[in-house]
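Each chain, written out:
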Amino acid sequence: GAVVSQHPSWVICKSGTSVKIECRSLDFQATTMFWYRQFPKQSLMLMATSNEGSKATYEQGVEKDKFLINHASLTLSTLTVTSAHPEDSSFYICSASGTNQETQYFGPGTRLLVL
Amino acid sequence: QKEVEQNSGPLSVPEGAIASLNCTYSDRGSQSFFWYRQYSGKSPELIMSIYSNGDKEDGRFTAQLNKASQYVSLLIRDSQPSDSATYLCAVNEDNYGQNFVFGPGTRLSVLP
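Protein chains in written order, with my numbering: chain A, 66 to 180; chain B, 69 to 180.
No lab work stands behind these hints, which were simulated from the structure alone.
Fair warning: this is a prediction, and the values are worked out from it, not measured in the lab.
Note that the Cβ used here is the ideal one computed from N, Cα and C, for glycine as well.
Some hints could be false.
Claimed, not checked - Computed Cβ-Cβ distance ranges for the label pairs, DEER-style: (1) B:S80 with A:L180: 35 to 43 Å; (2) A:S138 with B:N167: 20 to 28 Å; (3) B:S120 with A:Q125: 29 to 37 Å; (4) B:Q99 with A:L180: 41 to 49 Å; (5) A:T147 with B:G97: 32 to 40 Å; (6) A:T122 with B:D126: 28 to 36 Å; (7) A:G126 with B:P180: 38 to 46 Å; (8) B:Y139 with A:S148: 32 to 40 Å; (9) B:E71 with A:C78: 32 to 40 Å.
Let the sequences and hints guide you as you build the complete structure.
Printed below as a string of structure tokens:
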């Protein structure tokens, strides 16, 4: 149980385009989803926390107008990187937590390369 | 600010030895504690959870918690090269997966 999927697993795009990443909880209802970013050889960095039906809470320094998060259902959250630039190239990982779940379960991650 | 600290490593141990990974946390009110393993290029996966003082064993893994000292550790017995990864300590201040703080991770290298 507690499986989280992400799509796509890899995306390459041109600078200036927008990229949408989906995160789905497959076998539980995710009341809260988290979006992380990880640069090579660095720690996980929490970008934002979203509760189903509410606006996401962004961590300090994360531009909410650039990283749009939608958590419209209990099984799906999306992260849209708007007007992506090469410095946005990173490994984006979502995690999810449901009611009465004590921990977070991670998706497999999405590797974004902006040319 | 709530903090979770780990030695960044790398921690190198020979195959078959015991690897000991340590973590300290600042929030005395923390309720639950987790160890995640992250292989290079992959996302973290949960390997152990512990909620009360003492030891909890699962196969070759033993988690140890000492709330008075605000210390949690992970022991890996009979270490294998496949255990080489970064180990993340996570601390939750309540009993739901909402208020997590992750440590920076300790990189473990098991040498054949």
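Comparing the hints with the structure gives:
As the Cβ distance of S80 of chain B to L180 of chain A is approximately 37 Å, the hint placing it in 35 to 43 Å holds. Separated by about 23 Å at the C-beta atoms, S138 of chain A and N167 of chain B satisfy the suggested range of 20 to 28 Å. At roughly 33 Å, the beta-carbon separation of S120 of chain B and Q125 of chain A lies within the given 29 to 37 Å, and the hint holds. The beta-carbon spacing between Q99 of chain B and L180 of chain A, approximately 45 Å, falls within the hinted interval of 41 to 49 Å.
The hinted window of 32 to 40 Å between T147 of chain A and G97 of chain B holds, with their beta carbons roughly 38 Å apart. Taken as a hint, the range 28 to 36 Å holds for the pair T122 of chain A and D126 of chain B, whose Cβ atoms sit roughly 33 Å apart. The hinted range of 38 to 46 Å is satisfied by G126 of chain A and P180 of chain B, whose Cβ atoms lie roughly 41 Å apart. Taking the beta carbon of each, Y139 of chain B and S148 of chain A are about 45 Å apart, not inside 32 to 40 Å as hinted.
At roughly 36 Å, the beta carbons of E71 of chain B and C78 of chain A sit within the given window of 32 to 40 Å.
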